[in-house]
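The primary structure of each chain is shown beneath.
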Amino acid sequence: MSTRPIAQESTRPRTIHLFVRGAAGATAALVLTSCATLSSGDGERDNVPEDVSTTITDEPVELTLAYTDDPPSIELVEGFTDQHPNVDIELQQTPFTDYVKTVTLSMSSDDPPDMAQYNPGAMRSLIPSGHVMDLEPYVEAYGWEESFPEASLEPLRADEDATRFGTGSLYAVPGALSMLGVFYNRELLAEAGVDEPPATFDEFEDALAAVDEEGIAPFSVGGLEVGGFQVWNALLNTFGDDQAYRDWVHGAPDSTIETDGARTATEALTRWVEAGYVPEDANATSDDDAKAAFANGESAFLVTGNWAAFELEEALGEDAGFFLLPGEDPDQVPMTSGSSVSYTVSSATEHPDVAAAFLDYLSSPEAAQIQLDTGFMPVDTDVSTGEGGVLEEINSVYGTAAEQDGIVPFPDFSTPGMIDQLTPGVQGLIAGSTDEETFLSDLQAEWDRVHG
Amino acid sequence: MASGALLRGNGAAGAGRPGGRPSRAPGRSRLRAWLYLLPALTVYAGFAIYSAGSTVWFSFLDWDGVQPPTWAGLANYTRVLTEPLLAEAILNGLILIVFFSLIPIAIGLLLTGLLLGRVRTGMTFFRTVFFLPQVLPLVAVGITWRWLYSDAGMVNQALEAVGLGAITRAWLGDYHFALIALGLIGTWCMSGLCMVLFMSGAQRIDPSLNEAAAIDGAGPLRRFRYVTLPGLRREVGIAAVITTIAALASFDLVFVTTNGGPAGQTNVPALLVYRLAFNEGTIGGAAALAVVLTLIVIVLVSAIRLLTREPK
Chain Y
1 MSTRPIAQES
11 TRPRTIHLFV
21 RGAAGATAAL
31 VLTSCATLSS
41 GDGERDNVPE
51 DVSTTITDEP
61 VELTLAYTDD
71 PPSIELVEGF
81 TDQHPNVDIE
91 LQQTPFTDYV
101 KTVTLSMSSD
111 DPPDMAQYNP
121 GAMRSLIPSG
131 HVMDLEPYVE
141 AYGWEESFPE
151 ASLEPLRADE
161 DATRFGTGSL
171 YAVPGALSML
181 GVFYNRELLA
191 EAGVDEPPAT
201 FDEFEDALAA
211 VDEEGIAPFS
221 VGGLEVGGFQ
231 VWNALLNTFG
241 DDQAYRDWVH
251 GAPDSTIETD
261 GARTATEALT
271 RWVEAGYVPE
281 DANATSDDDA
291 KAAFANGESA
301 FLVTGNWAAF
311 ELEEALGEDA
321 GFFLLPGEDP
331 DQVPMTSGSS
341 VSYTVSSATE
351 HPDVAAAFLD
361 YLSSPEAAQI
371 QLDTGFMPVD
381 TDVSTGEGGV
391 LEEINSVYGT
401 AAEQDGIVPF
411 PDFSTPGMID
421 QLTPGVQGLI
431 AGSTDEETFL
441 SDLQAEWDRV
451 HG
Chain A
1 MASGALLRGN
11 GAAGAGRPGG
21 RPSRAPGRSR
31 LRAWLYLLPA
41 LTVYAGFAIY
51 SAGSTVWFSF
61 LDWDGVQPPT
71 WAGLANYTRV
81 LTEPLLAEAI
91 LNGLILIVFF
101 SLIPIAIGLL
111 LTGLLLGRVR
121 TGMTFFRTVF
131 FLPQVLPLVA
141 VGITWRWLYS
151 DAGMVNQALE
161 AVGLGAITRA
171 WLGDYHFALI
181 ALGLIGTWCM
191 SGLCMVLFMS
201 GAQRIDPSLN
211 EAAAIDGAGP
221 LRRFRYVTLP
231 GLRREVGIAA
241 VITTIAALAS
251 FDLVFVTTNG
261 GPAGQTNVPA
271 LLVYRLAFNE
281 GTIGGAAALA
291 VVLTLIVIVL
301 VSAIRLLTRE
311 PK
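Chains as they are written, first to last, in the working numbering: chain Y, 1 to 452; chain A, 1 to 312.
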């Protein structure tokens, strides 16, 4: 869980997730054992392709793609095979709760899929063992640095040991983008006398107070799952120093989260808890329940990502709005956590050029339309929905942020176990049982354990 | 287990041969016994013994599941035993024993005492109703209880109806009450199991014992105390073992309802095993924790068996 682009956490119906999780848990002991057959990899493997080409064969080619997120995977594959009828891509889906484990085992097996959806947790093992292709030759051949937004490529780079991310060779390219932000209910804000979305952080807190005074719940928060730390996440993006934060997530030596910016962000969260802006039952509320409450008009704000946009627009229509949590200075560069559904290539594939052609297709205008239609932000940010509403609003917000280098990774990418510090940590802040300093030092202790 | 069955098999083969016919060579008979045992033995060895053995082996390795493992010695155990999180999780597991084991056994005995000898018709109905929680998948149970316990759920509605509106809260999200709320779900699940075990045990008790006690002037309470309860010693022992293991190894219920939250208040050892293995990718650490958990279960179960042993 820790390593999933949080963005896609909520795109599938909850019940399926839960059943799968239960099953995964019940068989946990058994699975531990089944790993035994895989005593060791093949050791060093050459994972840099030679003689790369941007033209692909006309002969029939069969590829396999292991993935978990749908949409957009099926639609993107169909879009590509429509353009190249000689290519047949077989899809192998694994539910997310099992994906990290499954993709790790299948990509390191003797008969790996040709391509697999990227997952940072799995990459920590697959990159050092050489099972994932180093895409640098294709970056040059296709000019991907031009066609993909840099912010979306950065988290997909890693050094050879995969201890540091955000630097080194490229191991995947994004097929659809997502981003964290604040949804608001125009009608409820208007009732409280707030006519414009806030432009500064102070204005935002004024809006919270005004809404609260009207007897409207300011926030819905899914503190049982990731919703709690996403509120903190948005505050951290606003107050933290972005380079220091990037370094921390990517595992640069001597990085720390115990910064003044992070303290300010954490204090703002506890201030909201004390003021009663964060609902008392937040720690027992799932992400879906929080989203449903906001969609029913029970609260004024919801901190989540574009993945909720379709449902919220359906429920609230014109009343749904979206902005990035503003900074203290109205001219501050908008900063937010973003992620992507990305795809890697196996270093054992027999058709690296065809796989690379699929990756290149992801940045095309045709793919962009598919990405938009499936509820994501397109890799080619010039494409517009042309439909207005909150989807277009989100798309333009992303474009502005991406242009100013304002997209940073999610904090749970920093270590595989970080989500197990973040979720309980923020629950402690909400319950009032953890103070700000302890919360941050616990996060840093987890970081030090892995990167120190 | 296997060798016990084998011995019994041999004994039966010998005893079934009266009349002085020369019995076959013991070697062949033994071979045949092994042949009968083979299917069960293969499954047991493959899925239980081998798995347990390799978990112990993994616990001495530093391994992410993909790259070649390296020998870690006792490092995994050091980490597991010095981790304050683990001590808390084990303590939570022990607290859950109260709710998964002690209370359900008490409720099971109470129901047995109430139903026994009084209900002549509809016994199957009662048994089915009380046993139903055992049949439902724990994941479904967990989701249902999450709704019941929620801010606007039935538990709070009931409290408000009886004038206790002041204490309503989202129980599973409450820092102090989450573990108790979780434990009570276990109580609901396990009570029926205990009752069914005790009912079947109580029906086995010789009715003449009860009649004799009644003639001697013992009331229902005394008969329960001096006839039924001693007769249920073995069933109580079994119920205690099953429910204690369920408490210490609980995973699915916790995973679905609180996932260890809020702020780690409902962490249980099995949840940490899962996180270590599948979130952090430290198979060795997860295996070491699983071994420690198994040892704790063995110690507690042995203690229970010792306490509930029939006096000689």
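Hints are computed from structural coordinates only; laboratory data are not their basis. Careful: at least some of the hints might be erroneous.
[As the list claims (entries may be wrong)] Take a look, some chain A residues computed to stay more than 10 Å from chain Y by CB distance:
#1 TYR36
#2 GLN67
#3 ALA75
#4 PHE126
#5 PHE131
#6 GLY165
#7 ALA170
#8 ILE205
#9 ARG225
#10 PRO230
#11 VAL241
#12 GLY281
[What the hints assert, rightly or not] Capping the alpha-carbon separation at 20 Å, the derived lysine to any residue pairs in SDA-like fashion look like this:
#13 Y:LYS101 - Y:ASP70
#14 Y:LYS101 - A:PRO68
#15 Y:LYS101 - Y:LEU91
#16 Y:LYS101 - Y:ASP111
#17 Y:LYS101 - Y:ALA162
#18 Y:LYS101 - A:GLN67
#19 Y:LYS101 - A:TYR175
#20 Y:LYS101 - Y:GLY130
#21 Y:LYS101 - Y:TYR142
#22 Y:LYS101 - Y:VAL52
#23 Y:LYS101 - Y:GLU50
#24 Y:LYS101 - A:SER51
#25 Y:LYS101 - A:ASP62
#26 Y:LYS101 - Y:THR264
[Claimed, not checked] Just a sample of chain A residues kept apart from chain Y, beta carbon distances all over 12 Å, derived:
#27 VAL66
#28 LEU85
#29 VAL98
#30 GLY153
#31 ALA213
#32 THR257
#33 GLY264
#34 THR282
Glycine included, every Cβ here is placed at the ideal spot set by N, Cα and C.
Structure-based check of all given hints:
Against chain Y, the non-interface label of TYR36 of chain A holds: every CB pair exceeds 10 Å, the least being about 27 Å. At roughly 5 Å from the closest C-beta of chain Y, the C-beta of GLN67 of chain A falls inside 10 Å, breaking its exclusion from the interface. Every C-beta of chain Y lies more than 10 Å from that of ALA75 of chain A, the closest at about 13 Å, which supports listing it as non-interface. Non-interface status of PHE126 of chain A relative to chain Y is upheld: no Cβ of that chain comes within 10 Å, the nearest being about 29 Å off.
Residue placement check: PHE131 of chain A keeps its beta carbon more than 10 Å from all beta carbons of chain Y (closest about 21 Å). Even its closest Cβ contact with chain Y, about 14 Å, leaves GLY165 of chain A beyond 10 Å, as expected for a residue assigned away from the interface. In this structure ALA170 of chain A is not separated from chain Y by more than 10 Å, as the shortest Cβ-Cβ distance comes to only about 3 Å. The claim that ILE205 of chain A is not at the interface with chain Y holds, since no C-beta of that chain comes within 10 Å of its own (minimum 37 Å).
Distance check on ARG225 of chain A: its Cβ is at least 40 Å (rounded) from any Cβ of chain Y, clearing the 10 Å threshold; non-interface status holds. With a minimum CB-CB distance of about 37 Å to chain Y, PRO230 of chain A clears the 10 Å threshold, and the non-interface call stands. The Cβ of VAL241 of chain A sits about 19 Å from the closest Cβ of chain Y, beyond the 10 Å cut-off, so the non-interface label holds. The beta carbon of GLY281 of chain A sits about 6 Å from the closest Cβ of chain Y, which is not more than 10 Å, so the claim that it is off the interface is violated.
With a CA separation close to 18 Å, the supplied pair LYS101 of chain Y and ASP70 of chain Y stays within the 20 Å bound. Between LYS101 of chain Y and PRO68 of chain A the alpha-carbon distance is near 16 Å, which keeps this suggested pair within the 20 Å criterion. The suggested pairing of LYS101 of chain Y with LEU91 of chain Y holds, with an alpha-carbon distance near 18 Å, which does not exceed 20 Å. Restraint check for LYS101 of chain Y and ASP111 of chain Y: the C-alpha separation of about 16 Å stays at or below 20 Å, so the hint holds.
Of the supplied pair hints, the one linking LYS101 of chain Y and ALA162 of chain Y holds, its CA atoms being roughly 17 Å apart against a limit of 20 Å. As the CA atoms of LYS101 of chain Y and GLN67 of chain A are separated by approximately 13 Å, the hinted pair is consistent with the 20 Å bound. Our distance criterion of 20 Å between C-alpha atoms is broken by LYS101 of chain Y and TYR175 of chain A, whose separation comes to about 32 Å. For a cut-off of 20 Å, the pair hint linking LYS101 of chain Y to GLY130 of chain Y stands: about 17 Å separates their Cα positions.
Among the hinted pairs, LYS101 of chain Y with TYR142 of chain Y is inconsistent with the structure: their alpha-carbon atoms are about 32 Å apart, more than 20 Å. Pair hint LYS101 of chain Y plus VAL52 of chain Y does not hold up; C-alpha atoms about 31 Å apart against a cutoff of 20 Å. As the CA atoms of LYS101 of chain Y and GLU50 of chain Y are separated by approximately 30 Å, the hinted pair breaks the 20 Å bound. Straight-line distance between C-alpha atoms of LYS101 of chain Y and SER51 of chain A comes to about 18 Å, which keeps the hinted pair within the 20 Å bound.
Under the criterion of a C-alpha separation no larger than 20 Å, the hint pairing LYS101 of chain Y with ASP62 of chain A is consistent with the structure, at around 17 Å. The suggested pairing of LYS101 of chain Y with THR264 of chain Y is violated, with an alpha-carbon distance near 37 Å, which exceeds 20 Å. Not every CB of chain Y is more than 12 Å from the CB of VAL66 of chain A (nearest about 4 Å), against its label as outside the interface. LEU85 of chain A, annotated as away from the interface, has a beta carbon of chain Y within 12 Å; the closest lies near 9 Å.
For VAL98 of chain A, the non-interface assignment is confirmed: its Cβ lies about 22 Å from the closest Cβ of chain Y, beyond the 12 Å cut-off. Not every CB of chain Y lies more than 12 Å from the CB of GLY153 of chain A, the least distance being 9 Å, so the non-interface label is violated. The Cβ of ALA213 of chain A lies farther than 12 Å from every Cβ of chain Y, with a closest approach of about 46 Å, so its non-interface assignment holds. The claim that THR257 of chain A lies off the interface is violated: its Cβ sits roughly 9 Å from the closest Cβ of chain Y, which falls inside the 12 Å cut-off.
Once the 12 Å rule is applied to beta carbons, GLY264 of chain A is inconsistent with being away from chain Y; the minimum gap is 5 Å. A beta-carbon of chain Y comes within 12 Å of the beta-carbon of THR282 of chain A; the shortest separation is about 9 Å.
Checked against the numbered hints above, the structure violates hints 2, 7, 12, 19, 21, 22, 23, 26, 27, 28, 30, 32, 33 and 34; every other hint is satisfied.
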